[in-house]
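These protein sequence lines map, in sequence, to chains A and B.
Take this note's numbering: the last position of the first sequence gets the number 663, and nothing is skipped along the way.
Take this note's numbering: the last position of the second sequence gets the number 264, and nothing is skipped along the way.
Keep in mind the hints are simulated off the structure, nothing from the lab.
Possibly wrong hints are sitting among the right ones.
To be verified - Quick look at which bits of chain B chain A covers, simulated, 3 or more residues with Cβ under 8 angstroms:
1. 98-105
2. 117-125
Said to hold, decoys possible - Ranges of calculated distance between the beta carbons of each label pair, as one might list FRET restraints:
3. Pro-287/A x Gly-59/B: 50 to 56 angstroms
4. Phe-36/B x Trp-472/A: 21 to 27 angstroms
5. Ile-404/A x Phe-36/B: 49 to 55 angstroms
6. Trp-472/A x Ala-137/B: 48 to 54 angstroms
7. Ile-370/A x Asp-190/B: 47 to 53 angstroms
8. Phe-36/B x Leu-499/A: 56 to 62 angstroms
9. Phe-36/B x Met-645/A: 53 to 59 angstroms
10. Lys-47/B x Arg-653/A: 42 to 48 angstroms
11. Ala-137/B x Ile-370/A: 43 to 49 angstroms
12. Ala-461/A x Lys-129/B: 39 to 45 angstroms
13. His-559/A x Pro-57/B: 21 to 27 angstroms
All values derive from a computational prediction rather than experimental measurement.
Just so you know, even glycine gets a beta-carbon here, dropped at the ideal spot from N, CA and C.
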Amino acid sequence: MSEKPQVKSSPSFFNNPRNRSIIYQLLLLFGLGYFFYSIISNTLANMEARGIQSGYDFLFNTAGFDILMSLIPYDATNTYGRTFIVGLLNTVLVSIIGIILSTMVGFIMGVAHFSHNLLIRKLATAYVETFRNIPLLLQIFFWYFAVLAALPSARQSMSLGEVIFLNVRGLYFPGLTPEGGASVVYAAIAAAIIGIFVLKRWAKKRQDDTGQQFPVLWVSLGMLFGLPLLALIVMGFPFAWDIPYLKGFNFRGGITVIPELMALALALTVYTGAFIAEAVRAGIQAVPHGQTEAARSIGLKEGKIMKLIIVPQAMRVIVPLLNSEYQSLVKNSTLATAIGYPDLFTVFVGTTLNQTGQAIEIVFMTMAVYFVVNMTISFLMNRLNSSVALTER
Amino acid sequence: MSVEQEKTNENNDDIIVIKDLNKWYGEFHVLKDINLRVKKGEKIVICGPSGSGKSTMTRCINRLEEFQRGSLTVNGVEMIEDVKNIEAIRREVGMVFQHFNLFPHLTILENLTLGPIWVQKKPKKEAEATAMKYLERVKIPDQANKFPGQLSGGQQQRVAIARSLCMNPEIMLFDEPTSALDPEMIKEVLDVMIELANEGMTMLCVTHEMGFAKKVADRVIFMDAGEIVEQNTPEEIFNNPQTDRLQLFLSQILDH
């Protein structure tokens with residue numbers, strides 16, 4: 271056993287793990303550098319050969335095409351740059367609608383999974399299993415071509431009290447035009463929101479001092495609806511209704527939600543909601559049953575156990591999952607292009623790219639937008655996550 | 009009101025009265041005709057092989073488990089399908105679990121004040137003062153602002169005991185409180201329990217710590233296959249077992 275190979279005290283240069291890793295990293299760096307250099311120089315050479323001008327000057331040229339729906343004033347005489355903004359706002363709109371509604375649907379369906387009512391429980395399971403397993407594009411087509419296209423024509427519109435109308439061309443509901451005194455109503459809404467924060471702090475302090483509990487939720491809801499309502503009555507309803515009316519073959523006035531937006535928002539909501547329901551279910555199930563038992567053994571009521579013990583612990587599982595669901599929703603909104611909803615992808619990467627041929631610039635700008643939007647979502651959700659995370663060690 | 013009335017109906021020393029208690033898990037008969045009376049201040053140790061129903065019986069007392077037949081009365085309140093009665097009983101009964109079940113998202117102090125604040129509706133300052141008193145009794149007041157995950161198993165179990173005590177219970181249930189602990193931590197938890205016993209707390213303790221049973225138990229109950237097979241003083245149980253089942257059980261746990 272004395273014949274063991276001796277380990278040299280100074281190994282050769284290439285056998286030193288530190289040196290090796292530096293050499294490998296340098297090789298990789300050179301490789302990557304060459305890769306990008308060749309891509310960029312090739313592209314530039316090709317573009318020059320085909321006579322394509324690079325740069326962002328095209329953004330200031332007249333677009334010359336109409337867009338189905340815009341949140342800001344837009345017509346065909348505006349610039350390509352403005353088509354970018356119009357598309358971006360439409361993407362943000364459908365994303366926000368989708369995120370809010372899918373969160374509501376998801377939480378309700380996720381909690382419904384634990385209902386004592388068999389019917390509700392089975393309904394939640396059926397919802398999740400159905401919409402989670404069908405491709406989103408197919409679901410968008412379902413809502414757009416099968417459901418919304420089957421609606422009656424404008425003349426045979428379904429209506430709710432002759433002020434809200436639903437037909438094959440979209441959903442029409444009344445707008446409100448503020449008149450003198452409307453600012454009082456806005457002030458009342460602001461006061462209610464501030465009041466709720468004050469109330470919450472006061473209730474917490476009172477409980478700390480005296481032990482008495484206060485029904486914060488109900489009083490808050492009362493304030494949120496009561497104060498603006500009071501202001502409306504006192505000011506004699508300082509708004510003018512802008513009620514949609516039928517003129518010729520279509521409706522005029524009011525606010526219109528085009529069927530493309532309805533179909534896309536519905537599909538994104540229902541599809542993402544199914545995944546969020548699963549996330550909520552997973553979060554609640556991740557809280558060990560012993561937590562509920564311990565809470566019961568100190569005499570807490572079921573509602574309080576949910577609020578003080580289960581939800582705070584479930585959130586640390588739910589929040590990271592929500593983050594990726596929201597990001598998926600924003601990315602999936604590009605499927606708008608299949609039914610012609612004018613989101614950023616349809617307008618900018620579709621029409622604008624077709625007309626200008628500035629592929630590199632347009633694709634790059636659009637990628638940057640989705641990147642920034644999703645990083646923002648990530649940032650916000652990570653902040654939320656660190657506030658629900660556990661301290662261990 | 010009805011709870012108070014029922015309290016006065018039964019006027020004797022027995023703080024827990026269990027009559028002909030039966031429980032099934034589906035087809036499986038877990039508890040068979042359990043009859044048990046516990047006097048105020050009595051210390052009872054429950055032992056038996058695993059699956060004998062000792063934990064299940066204990067958990068019936070604060071209704072973490074339901075039973076199908078028989079009756080159960082705690083401190084004069086009958087356990088019936090009424091939220092008021094269940095809450096009244098849970099207020100009187102503290103429980104310590106094998107796996108501590110501290111709330112990991114709350115600090116030690118918050119774990120202790122949660123019940124007093126939300127159930128007893130005490131002011132925060134008062135609840136915190138009580139909490140600190142009990143943390144001192146279990147000898148870890150310096151850990152008050154840490155989270156459960158930062159404490160050792162023995163410390164966590166002592167916090168769990170203090171959490172129950174904060175609610176001023178009449179009865180303490182212990183469901184294998186030392187089974188999940190490393191050997192060197194068992195003593196610190198048993199010491200707290202012995203001190204509690206010496207102060208006159210009514211205790212029901214499911215445990216295999218026979219040294220603890222000999223030291224504090226007024227009565228040892230041996231359960232097997234869902235039945236109370238034997239009950240007697242620790243001396244009689246350990247030195248003079250009457251049934252083959254208890255002899256077998258004792259030979260198995262004392263062999264090492």
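Tested hints:
As drawn, the region 98-105 of chain B meets chain A at 6 residues by the rule of a beta-carbon pair under 8 angstroms; at three or more, the given contact holds. Interface restraint, the region 117-125 of chain B with chain A: holds (3 residues with C-beta to C-beta distance below 8 angstroms; minimum three). A beta carbon spacing of about 55 angstroms between Pro-287/A and Gly-59/B agrees with the range 50 to 56 angstroms that was offered as a hint. The hinted range of 21 to 27 angstroms is not satisfied by Phe-36/B and Trp-472/A, whose Cβ atoms lie roughly 53 angstroms apart.
As the Cβ distance of Ile-404/A to Phe-36/B is approximately 42 angstroms, the hint placing it in 49 to 55 angstroms is violated. A beta carbon spacing of about 23 angstroms between Trp-472/A and Ala-137/B contradicts the range 48 to 54 angstroms that was offered as a hint. Against the hinted window of 47 to 53 angstroms, the Cβ-Cβ separation of Ile-370/A and Asp-190/B comes to about 49 angstroms, which satisfies the hint. A hinted range of 56 to 62 angstroms for the beta carbons of Phe-36/B and Leu-499/A is consistent with their spacing of about 59 angstroms.
Restraint check, Phe-36/B to Met-645/A: a C-beta distance of roughly 55 angstroms satisfies the suggested window 53 to 59 angstroms. With their beta carbons about 56 angstroms apart, Lys-47/B and Arg-653/A fall outside the hinted range of 42 to 48 angstroms. Between Ala-137/B and Ile-370/A the Cβ separation comes to about 44 angstroms, which falls inside the hinted range of 43 to 49 angstroms. At roughly 31 angstroms, the beta carbons of Ala-461/A and Lys-129/B sit outside the given window of 39 to 45 angstroms.
In this structure the hint that His-559/A and Pro-57/B lie 21 to 27 angstroms apart at CB holds, the actual value being about 24 angstroms.
Against the hints set out earlier in the document, violations occur for numbers 4, 5, 6, 10 and 12.
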